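Participant: The lines below spell out each chain.
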Amino acid sequence: MINEEITNIEALVTHKNFGTACLHLLRGFRVDQTHALYPLISDNIQLFNEFYEGFGGRVINAPENYCYLVSEQKLIRTKTLDPVPMFVGMVLCSLRLSPAIVSKNYTVTLEEIRQSVESCLNPEKVKMLIGRKASRMTDMAAARDLSKRIDKALKTFKRLGFIKKIGDEYYLPGTLASFMGPARTGTDLLSYLKNHGMEMSAATHKTEEEMNG
Amino acid sequence: MTLSTEGYAQLLSSPDSEVLQVLNKGLNGPIIYLYKHLLDMDAQSAWISLGDGMSEVMFQKIADVVAAIRDADSHLDLNSLHLSCLAILYLRQSESDNGTYFSVQDIEDAYERACALHHIPVESLSKTVTHLIDRYRKQNIFILVDGSNFHANPEYTFSHIGASLGTIFSERLNIRVESFVSLADAIISKLNDILSEARSSSDRQHWEKHVMLPLETVARELMHSIELRQKSFDDETEKTKARIADLLEKEWIHVIHECEEMIGNITDTFHELYCVIQPATEQMELALEELAELARGQGFADSVDRIRVSENKVQLLSLWATKSFSASSKYYQRMHGFIQSVVRTDPNRIVAGNLTKQIAGWFDNPFYLLIPDEGTIVEPGEFEMGEAPVKKTVSFTYVRQEEQDESDAKRREAEQRRLEELVDDALKHFPERLSAICERVGKHYQTDQHYGLIGRIAQAVSKRALIKFEYRHEKRVALGCEIEDWHISGVMND
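From first to last, the protein sequence lines stand for chains R and B.
When you line the first sequence up against my numbering, it's residues 510 to 722, in that order.
When you line the second sequence up against my numbering, it's residues 1097 to 1590, in that order.
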């Protein structure tokens, strides 16, 4: 059913799974090759792009075989990841590339994730990640807060398709490559960010948390 | 208790596990090395097959030797510090003009130096050295020169075991193809001399003096020096492999060339050695075979066994060269393949390195991922065009009507049809807002018509599209006018 041949945009938008695929993409979900919607999107990516062109969006099929939507003209509403999820995402991406995790079929425990994140941080950086609230916190309180935020970030990642929970462990799929940033190509940061729907932080930058009050 | 190398080799050829247990328990150092070496080269089977033709005399000899080791509970108990001290003494002794003796002061000095190199603090030096000397003497490594034990300044010398240990652990002979060539030439030349003597030998005394004695000297001394070089070379190879592994683990990307060069050097050297050793050992084997035939012809059965020991050594050397070359060749292929296929072409390793730097520098230059967040259209998995589960909510808008002129009625009807077609066309592009439809339709009209057009577009849209109810519609400028910008959430069926 999902492999029906779709020849034009009308056939695409009337496809019974188009709505679901569209919704997944609009919600920022990374549809990887293990997902049932992946064939529909990857096989008809040109039609999807034609459809989203009017909304200033573009569907990208990444080399790691996953699809996602990028909003290029801000017509599609976007949100910026908080610093903690962004940092955790990069650490998870790094974990996925480590031989130790490869040998474990890309599965990690929550404790391993926490340890990996904390090993990249010192108390000063922890407070920088937490933000303004951290100025009144002790180091220990900041560390506890970070731990909670890591849990929250993992929930966000699960919703966005960046991780999958299998039992008590987390599977790290190829979609984490979104966090590679300029590390993948070695290009300069600004041009990479521009081409991949990312943005440099600014003083007026508002995160999801701040916007929600 | 000493045991010659050939004795060890013969013992190792025995399938009796008790013999091996005795060896493992009691004799460390060179024996374990030799045993491991044989295992590494898969030569144990070769030795066993070589031992098939062994005489009963030799088996009896082996049994006696093993029994003597077991009964005397012979063993060596030395740690690396003791061996280091021994090696220092041996090296100093070889360079000293005082002959082969050394005093307690010399031992203290050597021990102090060994401790410094091992980063171990020295405590109560004289007492420790007294215990050390006692340990060496109990294990027959040192011999007191003055046997009376009452000498005020006693002097010691190495026993045969001590000298052997000193040789093994202190001599680091650099392996060179030239040294093998010269040694092999010396052996072959000596073997030819022995062979000519053997051909002319007629009685037992002459045979012993001019054939067996020089042969055993050749076998023992020259082959021993080759064995030392073998060990040194194997050690160097192992170190090189360990260094390559270490480099690949750490700064792999900067040392690929170095690794490739090192692997190339090992393989080249092994190849040269192989080319030198193979013909040399063939010549040696031929000479020894002829010697054995001559001994057999003259009825010297024990000589045949002794010649066989030398023959075995030569075969072992040949086997070592072949196996080492083969092993180095496989290692070269494996490592070369690894470097080419994994290190050079694995982009993940480069990315991982870049990513680590990116994470470290992210706080100085942070950037964030933008995620689309249009999450309120419909529930996932149930959306189908034409059956959208969104309740129809229409807001009524009163459009100001122009005064109608009867003569213009037909023209206005045509215009209305055209407008509705344009709105239908615009709705096919799934616009999100009324303003987007206005912009698209407005392109087909003159600017001065836009003001009146907006109301008609809104009317047409309200008949065709699902308008999402909002308490207060957003104001937006479209076609130069401020409008209530409806949110279009779907298209109605005909």
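Do not take every clue at face value.
Which stretches of chain R does chain B cover? Using the computed rule of at least three CB atoms under 8 Å from a CB of chain B, they are [claimed, not checked]:
(1) 529-541
(2) 563-569
(3) 583-589
(4) 593-603
(5) 628-640
(6) 677-690
If you're looking for bench data, these hints aren't it; they were derived computationally from the structure.
Fair warning: this is a prediction, and the values are worked out from it, not measured in the lab.
For every residue, glycine included, the Cβ atom is placed at its ideal position computed from N, Cα and C.
Participant: Give a verdict on every hint.
Facilitator: Against the structure, the hints come out as follows:
1. Check on the segment 529-541 of chain R: 8 of its residues sit with their Cβ under 8 Å from a Cβ of chain B, so the three-residue criterion for coverage holds.
2. Only residues whose C-beta sits within less than 8 Å of a C-beta in chain B count toward coverage, and the segment 563-569 of chain R has 3 of them, enough to reach three; the restraint holds.
3. A stretch counts as covered by a chain when three or more of its residues have a beta carbon under 8 Å from one of that chain; for the segment 583-589 of chain R and chain B the count is 6, and the coverage holds.
4. Here's how the segment 593-603 of chain R fares: 7 of its residues keep a CB closer than 8 Å to some CB of chain B, so the rule of at least three is met and the hint holds.
5. Coverage of the segment 628-640 of chain R by chain B holds [criterion: at least 3 residues with CB-CB distance below 8 Å; count 3].
6. For the segment 677-690 of chain R, the proposed coverage by chain B is satisfied: 4 residues have a C-beta within less than 8 Å of a C-beta in that chain, meeting the threshold of three.
The structure fails none of the hints (numbered hints given earlier).
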